[in-house]
Structure formats: C-alpha cells, structure tokens
Amino acid sequence: MLLAGCAGNVRVMMADLEVQTDAVELTDTPFYPQITDQCGPSALATMLNVAGVDVSPASLKASIYIPGRQGSLQLEMLAATRSRQRIPYTLDPEISAVLSELRSGRPVLVLQNLRTKSAPLWHYAVVVGYLPGEQRFVLRSGDQKRYRVKAAKFLRSWQRADYWAVVVLEPGKVPDNVNPETYLRALAGFESTSDAAAVIVAYVAAVAKWPQNTLAGLGLGNAYYANGQLDLAQQAYAAVLRVDPQDAIVLNNLAQVLYERGSSSEATDVIAMALSAVDVNGPEYRIILQTQQEISQPGNKPAQ
Amino acid sequence: MHINGGGLEMNRVFTRQFVVVAMTLCLVALPLMQAATAAIISTDTAIQLTERVAQVERINAVLARDSVQDALIRLGVDPINATARVGALTDTELQTLEQQLDKLPAGGTGVIEVIGIVAIVLIILELLHVTDFFSEF
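Chains as they are written, first to last, in the working numbering: chain A, 1 to 304; chain B, 305 to 441.
No lab work stands behind these hints, which were simulated from the structure alone.
It should be emphasised that the depicted structure is a prediction, and the values quoted were computed from it without experimental measurement.
Even glycine gets a Cβ: it sits at the ideal position worked out from N, Cα and C.
One or more of the hints may lead you astray.
As the list claims (entries may be wrong) - Think about it this way: if two alpha-carbon atoms lie no more than 27 Å apart in a straight line, the pair counts; the simulated BS3-like pairs of lysine-lysine are:
#1 A/Lys173 to A/Lys209
#2 B/Lys407 to A/Lys145
#3 B/Lys407 to A/Lys173
#4 B/Lys407 to A/Lys209
#5 A/Lys150 to A/Lys61
#6 A/Lys117 to A/Lys173
#7 A/Lys173 to A/Lys150
Unchecked claim - Covered, in the sense of this in silico footprint (three residues per stretch, anywhere, with C-beta under 8 Å from a C-beta of chain A), are these stretches of chain B:
#8 364 to 373
#9 383 to 394
#10 397 to 404
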C-alpha cells in the first residue's frame, strides 16, 4: 500500500528524532519576510547571506522567479547559488542529514508540499532548528521568522517534496561530513557555471581532502586549464596518474595540455596510452581518437 | 579535444553512447547493402563519425538552451534575465528542464493569512482535499 509506505518512512524518521536530546537553533540566521509568492528568493537570500554573499530577495527574483509558474524551480535555485560562487550541496533524503547540518551550524533549505500529492502547494523554507522537548522544527518560513512546526507535519510536507534539502557551501571549505561523490557532483556543476578562480579554490580544497580521488584531481586539472594555467593543469593531471596510471580521460586531457604547451611527441605518447586504456567500443574511444587526430596533424598549431 | 567534467557528466556520456550506437548502426548497414565489398569502416568515416557525434552533442546542448530560454520567456521571464539564467544551468539541468519545465515544482505559494468566513471555507476545502487523499489509497 502506497500510504503505508509513505507513513513508514515518516515513522522511521520520527524514530530518529525521538533519540535527540539537545535542542539546536541557529538564531543568527537572517530573516527575509516573504512577499506573496516569493518564498524562493526569500529562502535563497537567507541561505546565501549565511554563506557570506550579500544579496537581497529582490535581486534574486530576476534569477529564479517565473511569473507564469508563480514560483521558482529547484534547479534554478541551484544555478543561482553557483552563479554567486557558492556550492549547492544536496543532502541525503534523511532527517538525520538535516540535523547533522544544523548541529554543524548550517541552516537547511527545504522544499515542502504544504497540501496534497494531487493538489500540491509548493513552498521553500529554511530549517534553522529542532526542539526535542516540543518535537518541533524551527523554520524561517513565509512571513514567520520563527515558525515552529510539529515534526510529523513537517516530515510529511517534506516527504511529498521527495525530501529535497540543500545546504550552501563556500568554495574551499569542505565540511567534515560530506559524501565525496555527492560533493564532487556538486562541484562538477559549479565548474561549468562559476568563475574560474572560485572553481580552482573549490577543487584545491577537494584534492587536499581526498588526495586519492581521481575525480577531484581531474576537476582541479580542468579548472586550471579553463583558467589558462596549463603548467598547473599538467601537474594536477600528473598527480592523478600517479594514483591511477590508466585513467583515460586524464591521459586525454594531459595529452591535450602537453600538445598546447608545445610537447608534441610527449603528447603523442600519452594519447596512445589513453587509447589503449579504453574499450574500443566505449564512448570515450572516439573522443580520444579525435584528440589523437588533432595532435598528429602536421603543421597544426596548438590552440592559444 | 579536452574532456570537461570527466566521468561525472553521466548523462552526457550516455547520450554520446546512444548517438554513437545509432550512427554505427547506420554505417554498418551501408557495407551490408554492397554485398561483396569490404565491411570495415574506414578511418575517414571514423573521423567523420566522431565529429558528427561531437556536433550532435553541441547541437543538443544549444537546442536545449534555446528551448528552455523560450519557455521561460513564454512564462513571463524578462528575455535578458532568461538568457542569463539558461547560461547558468548545466547541460544535464537544461535537458531536464527542456522536458519538464511545466511539471516541476515551483515553490512560491506560502502560508496565506485569511480571516473569518473565508478561513472557514478554506479549512473545509483543505479537509476535502485531505479526505480525497486518504480515499485514494
């Protein structure tokens, strides 16, 4: 039964909450009272200001509000965060993840469905606390600075929104409790849509935290490459290859950098290694083959 | 060619894989129709294939971007803002939005303050919604 399944998850989360003894409330979290259907801009302004970005709901409206939908989409909330050089990190769909963030001093942006599955009423709020004594969450929500909502009611509204919860992180500060895969996925999005300096700071910290992680190293190399720092890109790729000499994508990118720096013969050797490291029928093969073609064209000047 | 985003852009990899398979099937069909001639794919064709894949990728990304931008403008977003906003979205996000812009949750309606009889009517409506919800399951 679908209803039983839904209620089951909320029951499990209520059990997680029942063992909480200490109250937590981030009272310094700023508050931007919502105007009509602008809960997206208010909630996001709260999150960004906490993360050190001086921005108002009015200025966020241009980035996220859709008049025809009378609201803001989750993906655009994430994109607007990245545009302001902050990393949106999506939490695991667990109330324990939310509590963990609160106890680490970070408020949590959530999507709620305040009505029913068939007639949804979508709403963004910021969770700033949990009070075990009353079994209530404390939210910055709508026009209420301190909206205290019963835990079960909150959980049901959050469940209908597929447990969407996000924290906003500053590049360069990797929290202790993050999952590397999720964090690096967030960084990959950050990579394509933020300014180069912020992306480099983010990846330097990721590599420092997870030195054996080849995705982090690839990201750092790519960040330097995008910023025109080919020497540092080369070093970053080389570092990954010391961990995994067969990483074909890194080999490909290293070959490209070597070629652009004028080391054609070394580039040719490296790209050959890249080709031999992948399945001939795989998707990377043809891309790497193209790199090889570009590198081996006689008289082909390296791109500036 | 420099590979961006590495293995994390899984959608991009799968899209590419799908396009590559489709292209390969098209090319494999040609030699079969010319029974007696060689069945291998020439290097030249392979190069064209790779370039086509990359081109298709680029075209898909551009199309998704345009499609989402148009949709936002139709929904009342200022065109200048719409351009900036699609520029801030990743290829994966653009593909998602291209398909589901009208259906994805748009958070906006907050808790509405009402007074008097309007409140009673709304409460009854809420209860009716709740009743419908439970009776569905």
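Right, here's what the structure says about each hint:
Between A/Lys173 and A/Lys209 the alpha-carbon distance is near 10 Å, which keeps this suggested pair within the 27 Å criterion. Straight-line distance between C-alpha atoms of B/Lys407 and A/Lys145 comes to about 30 Å, which puts the hinted pair past the 27 Å bound. Proximity of B/Lys407 to A/Lys173 is assessed by CA-CA distance (about 35 Å); at most 27 Å being required, the pair is judged violated. Restraint check: the Cα-Cα separation between B/Lys407 and A/Lys209 comes to about 39 Å, which exceeds 27 Å; the hinted pair is violated.
In summary, the hint linking A/Lys150 to A/Lys61 is not supported, as the alpha carbons are separated by about 30 Å, beyond the 27 Å threshold. This hinted pair does not check out: A/Lys117 and A/Lys173 have alpha carbons roughly 38 Å apart, beyond 27 Å. Proximity of A/Lys173 to A/Lys150 is assessed by CA-CA distance (about 33 Å); at most 27 Å being required, the pair is judged violated. Using a Cβ-Cβ cut-off of 8 Å, 0 residues of the segment 364 to 373 of chain B lie near chain A, which falls short of the minimum of three, so the contact claim is violated.
Here the segment 383 to 394 of chain B counts 7 residues with a CB under 8 Å from a CB of chain A, which clears the bar of 3, and the coverage holds. Only when three residues or more bring their CB closer than 8 Å to a CB of chain A does the claim for the segment 397 to 404 of chain B stand; here the count is 3, and the claim holds.
Consistency with the previously given hints fails for numbers 2, 3, 4, 5, 6, 7, 8, ordered from lowest to highest.
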